[in-house]
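Colleague: As a plain string of letters, each chain reads:
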Amino acid sequence: MILAVLEAHEGSLKKISAELAAAARKAQALVGADGVALLLVGPDAAAAGAAAALDADLCLTVQGEAFSTYAAEAWALAVVEAAKEVSATVVLFGSTSFGRDLAPRVAGLLGAGLLADVGDLSLDGGHLLAERSIYSGKVLAQVASLSAVTVATVRPNAFAPAGSAAAAPCRALAVDVAPASVHCRVREVRRQAATRPELTEASVVVAGGRGLKEAENFHLVEELADLLGAAVGTTRATVDAGWRPHSEQIGQTGKNIAPALYINVGISGAVQHISGVLASRTIVSINRDAEAPIFKISDYGVVGDALEILPHLIEEVRRLS
Amino acid sequence: MQVVVLVKQVADTAARIKLADGKQDIDRQSASLIVNPYDEMAVEEALRIKEKHGATVWVVTLGGAKAEEALRTALAMGADEAARVTAGASDPLTAAKALAQAVREITADIVIAGRSAADDEQGQVGALVATLLGWPHVTEVTKLEFSGGAGVAEREVEGGVEVLEFSLPVVVTAQEGLNTPRYASLPGIMKAKRKEIRQIAVDAAVVGEPVLESRSLELPPPRGQGQILSGLEPAEAAKELVRILHEEAKLI
Chain A
5 MILAVLEAHE GSLKKISAEL AAAARKAQAL VGADGVALLL VGPDAAAAGA
55 AAALDADLCL TVQGEAFSTY AAEAWALAVV EAAKEVSATV VLFGSTSFGR
105 DLAPRVAGLL GAGLLADVGD LSLDGGHLLA ERSIYSGKVL AQVASLSAVT
155 VATVRPNAFA PAGSAAAAPC RALAVDVAPA SVHCRVREVR RQAATRPELT
205 EASVVVAGGR GLKEAENFHL VEELADLLGA AVGTTRATVD AGWRPHSEQI
255 GQTGKNIAPA LYINVGISGA VQHISGVLAS RTIVSINRDA EAPIFKISDY
305 GVVGDALEIL PHLIEEVRRL S
Chain B
-11 MQVVVLVKQV ADTAARIKLA DGKQDIDRQS ASLIVNPYDE MAVEEALRIK
39 EKHGATVWVV TLGGAKAEEA LRTALAMGAD EAARVTAGAS DPLTAAKALA
89 QAVREITADI VIAGRSAADD EQGQVGALVA TLLGWPHVTE VTKLEFSGGA
139 GVAEREVEGG VEVLEFSLPV VVTAQEGLNT PRYASLPGIM KAKRKEIRQI
189 AVDAAVVGEP VLESRSLELP PPRGQGQILS GLEPAEAAKE LVRILHEEAK
239 LI
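Protein chains in written order, with this note's numbering: chain A, 5 to 325; chain B, -11 to 240.
To be clear, the hints were calculated from the coordinates, so they are not data collected in a lab.
Using N, Cα and C, we set each Cβ at its ideal position, and we do this for glycine too.
Please note: incorrect hints may appear among the correct ones.
[To be verified] Calculated from the model, a selection of chain B residues having no Cβ within reach of chain A, i.e. all distances over 10 Å: (1) R92; (2) L174; (3) R186; (4) P222.
[Unchecked claim] Heads up, simulated DSS-like pairs for lysine-lysine below, C-alpha to C-alpha not over 25 Å straight-line: (5) A:K300 / B:K6; (6) B:K238 / B:K227; (7) A:K300 / B:K227.
[To be verified] Pairwise CB distance ranges, derived in the manner of DEER restraints: (8) B:S78 / A:L127: 44 to 50 Å; (9) B:E184 / A:A50: 54 to 60 Å; (10) B:P175 / A:Q196: 41 to 47 Å.
The shape of chain A in the complex, shown without the other chains (with noise of 0.2 Å):
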């Protein structure tokens, strides 16, 4: 079967699990496996009712007291156990800051190759096939695994979330982890107030830089997003200035995105910006300087002051709806 280790949050799914439903189904169809089964992991579990309803053919959560709080050394054992259970020969996680710290701790159990951050998933002579961008996004890999079992972690907007099904069967996997063999677990998580989507998981993002001037008209970038549902992103520049945390950077030393519109204004376009954002489906961008290097992979443009642009945007937008 593929095992797709899915991610919640106070009951409810995050956007990537449909995501790596959706994922699992193509894995399973490339390497012809029998199924897909979904794992939840600790906390996560109560949201088991949710994934069962996720296109998938089966539906397994690991509880108990090494569970309480999110510990790598135990999930990885958890997630180990559920393939064995499940004769996984693909297991999948999300890029995210969850999948990216447990995946390789996985992949090293089973000395399994890890694929990360995959794009899109083919097949290459029996092995599986992962497109990968590398090299700040200059670069187009095709990276395959070698080993019987796949581990790897598939990039928020990269398949589109599956759809809902005939429920799941759903079954509770006893797993055995001695506390002594826990060495670094979660204490405390410090939540930010969301009144917005997560920046790698949104749909949309909207995006100021240094040519909004001053910190304080990054107002005019937060009632723009907040008209189209978007999250608010930022460039290494604002972020060094102080103007913005670095929660909203976008680009190499930031996050990436790839959403389906990404809208940026008053942001040139720096190289380690550019390899954050190349992903997107359409680029937007507002930017005085028609030599701007962010118009070379805009869809869209307009050449213009920020400033002076963003408010009739604002208007426009707000027209529509």
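On the provided structure of chain A, position chain B as indicated by the hints.
Modeller: Chain B in isolation, oriented as in the chain A frame:
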């Protein structure tokens, strides 16, 4: 206490990247080589641990003789010892096995690596080394503190910050925001030039067979010429852009 920092020499992705003949690799001859930026943060963090708690800071790389340049850069920043690991490693798992062997030989208490290498962006070697050693790991760390045989790390997650507690030995990987790496001092650079670099050869039997294989590299197709509006009044430009996005592209 022994702190081992894993460093990798990578092609500077801010420079032009060309593919080598056969498209299996990039053209390394024409690439400008630097220390992976996240690894510089790892070196900086190790130096801070040394300054606060006392430690010997080792920098370890895997690769050919040219990779010693990366070690000398780290030595010039203030690292105490350096080792180059030679092994027939061609993917993250074999690299991790070779590096884990070096960590065992140095008997490290803390291993710090960058969160990922700027070239192949795998982001898995640090956690793989921890798994092979049977140690805990924390990836993408933005804050790190130690006291006694334990520590606390913070990492940014979607929608918040995770605070993790761990005991030593441990592997952590450095994320942007952890620190700002220092520049090498002139005496540091002079000293680094003369420093002997320990050579650690790891057996093929330890490294094993690769589990990943790069099949081909391509330069991504350039995005088509976009529709760029210019010379319009701000109000007109905004109206036309929204019309296009709404009526033609049907994106909003």
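Colleague: Look at each hint and say if it fits the structure.
Modeller: Comparing the hints with the structure gives:
no.	hint	in the structure
1	R92	holds (15 Å)
2	L174	holds (27 Å)
3	R186	holds (26 Å)
4	P222	violated (4 Å)
5	A:K300 / B:K6	holds (19 Å)
6	B:K238 / B:K227	holds (15 Å)
7	A:K300 / B:K227	holds (22 Å)
8	B:S78 / A:L127: 44 to 50 Å	violated (22 Å)
9	B:E184 / A:A50: 54 to 60 Å	holds (57 Å)
10	B:P175 / A:Q196: 41 to 47 Å	holds (44 Å)
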